[in-house]
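Participant: Residue-level listing of the chains:
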Amino acid sequence: MKALIATALLALVAVPAAAQNITAPPPPIPEGITVEEIKVPGASLIGNLEGNDVDRQVMVVLPPSYRTNPNKRYPVIYYLHGFAIDGKNFYNYMHVPEAVAHNAARGNEFIVVVPSTLTRMGGSMYSASATTGDFRSFIARDLVSYMDSHYRTIARRAGRGLAGHSMGGYGTWTIGMIYWDVFDALWAQSACCISPRGETVQSATAMAAVPYEGVDQSGFGMRAGLASMTAWSPNPQNPPFHADFPLKDGAVDPLVIAKWANNAPLAMVASHLPALDSFAAIGSDVGTRDGLIRDDTLIHEELERFGIEHVWQTYDGTHTDKIAQRFDEVVLPFFAEHLAKQ
Amino acid sequence: VAYVDEHYRTIADADSRGLSGHSMGGYGTLKIAMKYPGVFSSIYAMAPCCLSPSNFTAEQIEQFKAMTPEQVAAAQGFALVVPATLSAWAPDPKNPPYYVSTGVTDGAVDPLLLARLHANSPLVLLPQYLPEMKALEAIRLEVGDKDFLLRDDTWMHEELERFGVAHEWQVFDGDHGNRVNARIRSDLLPFFGAHLDK
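For the record, the sequence lines run as chains X and V.
Counting from 1, one number per residue, gives the positions in the first sequence under our numbering.
Counting from 1, one number per residue, gives the positions in the second sequence under our numbering.
It should be emphasised that the hints constitute simulated quantities derived from the structure, not laboratory data.
Be a bit skeptical, because a hint or two may be false.
The calculated label-pair distances, taken between Cβ atoms and stated as ranges, are [unchecked claim]: (1) V:Lys35 - X:Asp321: 38 to 44 Å; (2) V:Asp13 - X:Ser145: 47 to 53 Å; (3) V:Ala79 - X:Gln237: 39 to 45 Å.
Computed, partial: chain V to chain X, Cβ under 8 Å [said to hold, decoys possible]: (4) Gln60; (5) Gln63; (6) Ser121; (7) Gln128.
Bear in mind the structure is a predicted one, so any value in this text is a computation, not a measurement.
Built from N, CA and C at the ideal position, the CB exists for glycine as well.
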């Protein structure tokens, strides 16, 4: 998580003082590409204790022939954003319409779907939390069934890929392992939060000192810690955060730390081998100047230890400077190779 | 389940399948119910073990590593807790001869080894599996008042309550084993009689 803090500060995009969330200007939309901004109802999010929107903003990018060829169905890539950014700004930053156009020109047409899971704490962590909302199920169930019933998708596992960056890379791993039968290929870019998160009495005390109304101003790292807490150790009976802090009677609470570990992809691999083995393909990459390279190398080594086939690439880059280019030139071509085209 | 449905005249539907077990089997009952929703509709956990996160000390790991294969083969009961737990929850295909994680560095157990153990604890898993648990028709959790597992099982009951998972909870006069046989007749089978479709 320290690495996440350090690398996030390298983001090349503007960070407005008030909202603390990352923004990017709208991207070019090449001729032939259709972009739809829709709201998808999230049955899985009903009753969440943070008051997060149940209806989520979703960007849908349709390939050139979608309009001209009304009988054709398309593979769908679900693309998950990182912490402290919403889906639309991530779509902006990643220049998704251009990536879809370039891949279409190479003969690979996709629908790319970018949901927004920005929450009160700055990010859903794509986890199943009574407090934050069950965003895992929102992605794998609510969003997928919405897309399959409203667009001409290839509505089966072989036609669905899941990818994401940073917190979205984390979500790719966890949603992939838990809802393995929904997606057939995964690619995690610069995934965060791979190793179990630990705390000291000092760091846990600092977390517990943040007022609920002061989360937005508490800084990226603290906010990410609090978001992880509400996602991974929810407690409906402990307002206002409705979560268990990692501190109890002056010591670090081992049950809370264990609950967090249970959400760490590195700890999950050993108990999700059949799921991981069932994918058509798995890929992961990270920049050599990204602080997350250590963690991302660890999950690569863990997959190797258990004989899970996967593609692993490192490249000259930071947490953010090459990710849009790689989505276009590496991630979408990877899905083209492994997903069904009809 | 597939084998039994294929070879016997079962009612091959979740509404007519119950899952139950004692001690380690009670642990399995809770965990399998969480991980395989839609297979069983009612569950009955008798004195489930292993609910809170397991932790081993570096000393325990070192003791296990020092055992010869003959000693492991001859070991019984609780002497096997460390190897059995490691092989179930912290496997390592690249670490012969037992193919389990045994990492100890500078007197400290590898944190990943412990995290792998923790990721198998029902108390830890519960908040992540609320929809699966709430979808069950009925849940029964019970333990004897003289059972060494009373504390852990009470904790599980409290966690189920905290997260609003409806369940029956009973503490009976008994220890870990002396009432199991009787309670299968007096409580377990009637419970499934009441909840499974006939």
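Participant: The structure should be examined with respect to each hint, and the outcome stated for every one.
Facilitator: Do the hints match the structure? See the list:
Evaluation of the 38 to 44 Å hint for Lys35 (chain V) and Asp321 (chain X) yields a pass: the beta carbon distance comes to about 40 Å. Between Asp13 (chain V) and Ser145 (chain X) the CB atoms are about 23 Å apart, so this pair departs from the stated range of 47 to 53 Å. For the hinted restraint 39 to 45 Å between Ala79 (chain V) and Gln237 (chain X), the CB-CB distance of approximately 40 Å keeps it satisfied. At about 17 Å, the closest approach between the beta carbon of Gln60 (chain V) and any beta carbon in chain X exceeds 8 Å, and the interface hint on this residue is violated.
Violation of the interface hint for Gln63 (chain V) is found here, the shortest Cβ-Cβ separation to chain X being roughly 22 Å, above the 8 Å cut-off. Of the supplied interface hints, the one on Ser121 (chain V) holds, with its beta-carbon coming within about 6 Å of a beta-carbon of chain X, less than 8 Å. The interface hint given for Gln128 (chain V) holds, since its Cβ lies 5 Å from the closest Cβ of chain X, which is under the 8 Å cut-off.
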